[in-house]
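Residues per chain, in single letters:
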Amino acid sequence: MGKSTEELYSEAEKKLRQEHGRAVKQIREELKTTKQKADSSLHLKKGSKRDLTDFPKDMQVEESEEGRILTINVGPQHPGSGHFRLVVQVDGDIIVGVDPDPGYVHRGEEKMCEYRNWIQNIPHLERPMIADSCGILYPFCLACEEIANIEVPQRAKYIRVIMSEINKCIFELYWLGIYGIFLGHSTMFMWPMGDRELLIDLAEMATGARVTHAYFVPGGVRNDLPDSFKDRAIRQLDYFKHRLDQYKDIFYTNPLFLDRTEGVGILSANDAINLGVTGPVLRASGVEHDIRKVEPYDVYDQLDFQVHTMKTGDTYARAYIPYLEMYESINIIKQCLEKIPIGPVRTKLGPNPRGPAGESFKRVEAGRGEVAYYVVSDGTPKPYRVKISPPSFRQIPAMSRLLKGARLADMPAIYWSLNYWPVEADR
Amino acid sequence: MSGVSGIFKAIQSGTKHLLIRRFTLRYPEQKLKFVGDGYQFDPKEGVGIAGYKGRHILYHDKCTGCQLCAIACEGIAEAIGMVKIDKQWKHNKKSIMPQIDYGKCVFCGLCVDACPFYALFMTDDYELAAYTKEHLIYTPDQLSVKVDYEGNVEIKIDDHGATHG
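Going down the list, the sequences are from chains Y and C.
Going by the working numbering, the first residue of the first sequence is number 1, and it counts up by one from there.
Going by the working numbering, the first residue of the second sequence is number 1, and it counts up by one from there.
Careful: at least some of the hints might be erroneous.
Derived Cβ-Cβ restraints for the label pairs, each shown as a range [as the list claims (entries may be wrong)]:
| # | chain 1 | residue 1 | chain 2 | residue 2 | range |
| --- | --- | --- | --- | --- | --- |
| 1 | C | Arg26 | Y | Asp238 | 51 to 57 angstroms |
| 2 | C | Ile7 | Y | Glu30 | 47 to 53 angstroms |
| 3 | Y | Asn149 | C | Glu45 | 52 to 58 angstroms |
| 4 | C | Glu134 | Y | Asp259 | 53 to 59 angstroms |
| 5 | Y | Arg28 | C | His160 | 57 to 63 angstroms |
| 6 | C | His160 | Y | Thr33 | 55 to 61 angstroms |
| 7 | C | Gln142 | Y | Asp238 | 40 to 46 angstroms |
| 8 | C | Gly165 | Y | Ser186 | 44 to 50 angstroms |
Output of the computed footprint for chain C on chain Y, the stretches with three or more beta carbons under 8 angstroms from beta carbons of chain C [as the list claims (entries may be wrong)]:
| # | region |
| --- | --- |
| 9 | 112–119 |
| 10 | 192–200 |
| 11 | 265–279 |
| 12 | 285–292 |
To be clear, the hints were calculated from the coordinates, so they are not data collected in a lab.
Note that the Cβ used here is the ideal one computed from N, Cα and C, for glycine as well.
Can you build the whole structure from these sequences, using the hints too?
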């Protein structure tokens, strides 16, 4: 009888500590078992295939006990993701749920198109993807030409192909540099960024601007190539090819890079088709699909080039396909420089051109995949509707599929291998 | 490739670059050479002439104050406004000429494409930094001055790699 308050307090504290200790012990044991489970399914040998359906049931869905699952916001303030938020639910180290949340950089590009005439639309349509500004503008010009029935001079077609391939390389080097720094490889950040200068120099020489060229217009291109372009292009592309060879030793056969990427985030060919991914992501899963071959535009049907595919479908394949495509781009540019005829480069249009009523759907192969435009004209000087289907938006379903079941540390490697660019996806 | 030899190979390929000259433009001392004399446009042919898209140059003896450049810019950057000028020109009865706000301009050069009188071109001048927003607004008098841009280097490629100058 008559315990002092201090004693009562200490007793209660003791009790709490015991309970807490028990709880901690229980949680640790549980974690240990899940970790063992996860390790048994996740520890992969080189080249072994992993099917996501093999995972233990409790790791596939969010039905685990409450309190075990931790929700992390990745983004929207640039943790490498750009202005894009991933709501990631983790159980220990394993991602059990992903909720991609795009829309932070929505600019209303499609609506803006309806208030500007055909030519005024050119500069702002490049803004969603300034690293590949020709690629995203290209289908708009093709669609306008089809609606208005404009004949494009042969020389302009070749120049367009050259510029879009140069831009493709510029984009892929930029992407590769950031991929390098994502995986902690600083040299791989510096090298592609430096070598990008060789191609930016060529783009600047032809168009007069380093990134946002505003070079393609419906009816051709805005100016002819300078006289010295061919010699300089061949010299710099030869050197660029020599530099690309050096990437192999330091990055693509580097065991540290292989360990981070091989067997991580495997996307089967069936899944890739069903989820609707495009471009290098699709080709890395072994599907031979390239708009330049399937639906040739401009002069791609007269050029000889190869479509690279890889069967593994893992992160390494998705990182390696753009590298092979840079060689292909060099090859295409050189062929074009050989074949390019002399002649006009732009069909003369009036100061405020207007086409007849009509509609057109055009798509091209940009660095990240297929960029498609659906343009409707009602005969006025402004488009009635412009629908943009960027490749980045189409990679989001694959992202949540691939990240589920992966380790949190693999998230940057998988995320960036999908070539996702927030501004382009949000338009 | 086995782990250790692969890592050594990677380090070796990076170490080689210690002996190669750096590929960096040392900017204020070195400036890139550009092709041509700035972006220009030939309204008769309907095609541009390749050149760098930098600050504009306005030829007062050719500008008629037709406002086509301002109309072209309307949906793009809204950087061009027409202002009154003091001097009286025969060909410019309204006495108005474009003034360009470089805080808004995106250097697309579509105003140059719109000019039918060879009055508005672009130059190589890209050093436009200013202390206030007001200083970025260039009046017709400021636009008529041609700054001599002197680029002194271009990319050189030899056996030791690429360098600037």
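Verification of the supplied hints:
1. At roughly 25 angstroms, the beta carbons of Arg26(C) and Asp238(Y) sit outside the given window of 51 to 57 angstroms.
2. Checked against the hint of 47 to 53 angstroms, the C-beta distance between Ile7(C) and Glu30(Y) comes to roughly 38 angstroms, which is inconsistent with it.
3. Here the CB-CB span from Asn149(Y) to Glu45(C) is close to 22 angstroms, at odds with the stated 52 to 58 angstroms.
4. Range check, Glu134(C) to Asp259(Y): Cβ separation about 56 angstroms, and the 53 to 59 angstroms hint holds.
5. Range check, Arg28(Y) to His160(C): about 59 angstroms between beta-carbon atoms, so the 57 to 63 angstroms window is met.
6. Between His160(C) and Thr33(Y) the C-beta distance comes to about 59 angstroms, which sits within the given range of 55 to 61 angstroms.
7. Range check, Gln142(C) to Asp238(Y): about 44 angstroms between beta-carbon atoms, so the 40 to 46 angstroms window is met.
8. Take Gly165(C) and Ser186(Y): their Cβ atoms lie about 26 angstroms apart, and the range 44 to 50 angstroms is violated.
9. Given a C-beta distance limit of less than 8 angstroms, the hint that chain C covers the region 112–119 of chain Y holds, as 4 residues qualify and 3 suffice.
10. Coverage of a stretch by a chain is defined here by at least three residues with a beta carbon nearer than 8 angstroms to that chain's beta carbons; for the region 192–200 of chain Y and chain C the count is 3, and the condition holds.
11. With 0 residues carrying a beta carbon less than 8 angstroms from a beta carbon of chain C, the region 265–279 of chain Y misses the three-residue requirement, and the given coverage is violated.
12. For the region 285–292 of chain Y, the stated coverage by chain C is violated: 0 residues have a C-beta nearer than 8 angstroms to a C-beta of that chain, whereas at least 3 were required.
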